[in-house]
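J.: Chain residues, written in single-letter form:
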Amino acid sequence: DGGITQSPKYLFRKEGQNVTLSCEQNLNHDAMYWYRQDPGQGLRLIYYSQIVNDFQKGDIAEGYSVSREKKESFPLTVTSAQKNPTAFYLCASSAGRGGRRYEQYFGPGTRLTVT
Amino acid sequence: QKEVEQDPGPLSVPEGAIVSLNCTYSNSAFQYFMWYRQYSRKGPELLMYTYSSGNKEDGRFTAQVDKSSKYISLFIRDSQPSDSATYLCAMSANFGNEKLTFGTGTRLTIIP
Chain A
30 DGGITQSPKY
40 LFRKEGQNVT
50 LSCEQNLNHD
60 AMYWYRQDPG
70 QGLRLIYYSQ
80 IVNDFQKGDI
90 AEGYSVSREK
100 KESFPLTVTS
110 AQKNPTAFYL
120 CASSAGRGGR
130 RYEQYFGPGT
140 RLTVT
Chain B
31 QKEVEQDPGP
41 LSVPEGAIVS
51 LNCTYSNSAF
61 QYFMWYRQYS
71 RKGPELLMYT
81 YSSGNKEDGR
91 FTAQVDKSSK
101 YISLFIRDSQ
111 PSDSATYLCA
121 MSANFGNEKL
131 TFGTGTRLTI
141 IP
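Residue numbers (our numbering), protein chains in the order written: chain A, 30 to 144; chain B, 31 to 142.
By construction, these hints were calculated from the structure, which means they are not laboratory data.
On a predicted model such as this, the values are computed, not experimentally measured, just so you know.
Hints may contain errors.
[Claimed, not checked] Listed next, the in silico PhoX-like pairs over lysine-lysine satisfying Cα-Cα at most 25 Å (straight line): (1) Lys99(A) with Lys112(A); (2) Lys129(B) with Lys99(A); (3) Lys32(B) with Lys100(B); (4) Lys112(A) with Lys32(B); (5) Lys86(A) with Lys112(A); (6) Lys129(B) with Lys32(B); (7) Lys129(B) with Lys86(A); (8) Lys100(A) with Lys43(A); (9) Lys32(B) with Lys86(A); (10) Lys72(B) with Lys38(A); (11) Lys43(A) with Lys112(A); (12) Lys129(B) with Lys100(B); (13) Lys38(A) with Lys100(A); (14) Lys72(B) with Lys129(B); (15) Lys129(B) with Lys100(A); (16) Lys97(B) with Lys72(B); (17) Lys86(B) with Lys100(B); (18) Lys129(B) with Lys86(B); (19) Lys32(B) with Lys97(B); (20) Lys99(A) with Lys86(A); (21) Lys72(B) with Lys100(A).
[Claimed, not checked] Label-pair ranges, simulated between beta-carbon atoms: (22) Thr139(B) with Gly45(A): 35 to 41 Å; (23) Arg90(B) with Leu40(A): 32 to 38 Å; (24) Gln85(A) with Leu41(B): 31 to 37 Å.
Using N, Cα and C, we set each Cβ at its ideal position, and we do this for glycine too.
Sequences are here, hints too, so could you generate the full structure?
T.: Following this line, the structure appears as structure tokens:
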């Protein structure tokens with residue numbers, strides 16, 4: 030089955046620790062995205078990558094870092110500099126070209142709780 | 031003011047009713063419009079994709095875009111309890127980077 034996987038589903042960390050969230054896709058999509066979702070705020074873009082070895086900051090990149098060494102993988106690191114890291118994190122991908130490049134497909138999400 | 035406004039609800043309707051969900055937006059550059067359905071504690075699922083103005087129908091779902099009013103709608107006919115979810119609108123301008131701007135979502139409950 031083609032799709033996007035995120036792991037783990039739930040993650041608990043102590044304040045001050047960095048944590049890395051995994052995102053893998055087998056859709057052969059060029060573009061990948063990271064969002065966070067908070068109650069009442071919708072989805073906000075953290076980082077996105079349109080091609081391997083290249084990525085851009087989204088609207089709320091401070092305190093986060095990413096890498097894109099492989100087409101299939103786009104891990105997100107939540108650093109200790111992120112002031113309010115507890116949230117639901119969603120990874121998405123899109124074809125990145127052609128008429129339907131705006132269609133983004135989402136993974137199941139990782140719920141991160143930092144105490 | 032947010033670029034995309036969406037009433038968060040909650041909205042409760044009886045089974046079989048027609049549901050109308052709406053978003054308004056302020057950026058006239060938006061050309062691509064999407065509706066996502068999100069079940070509790072799950073990732074959003076793409077329901078409808080529309081380019082520019084007009085209507086698009088897929089089964090019980092109809093998406094409408096009125097660019098002159100900066101208003102988009104999603105209609106659900108013969109609503110089912112399985113339609114109970116949060117519905118998110120999303121839109122994008124043709125800037126070449128495929129960035130989406132999302133509404134906050136409307137929580138819908140279909141009462142059996």
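J.: Going through the numbered hints above, which ones does this structure break? Give me the numbers in ascending order.
T.: 1, 8, 16
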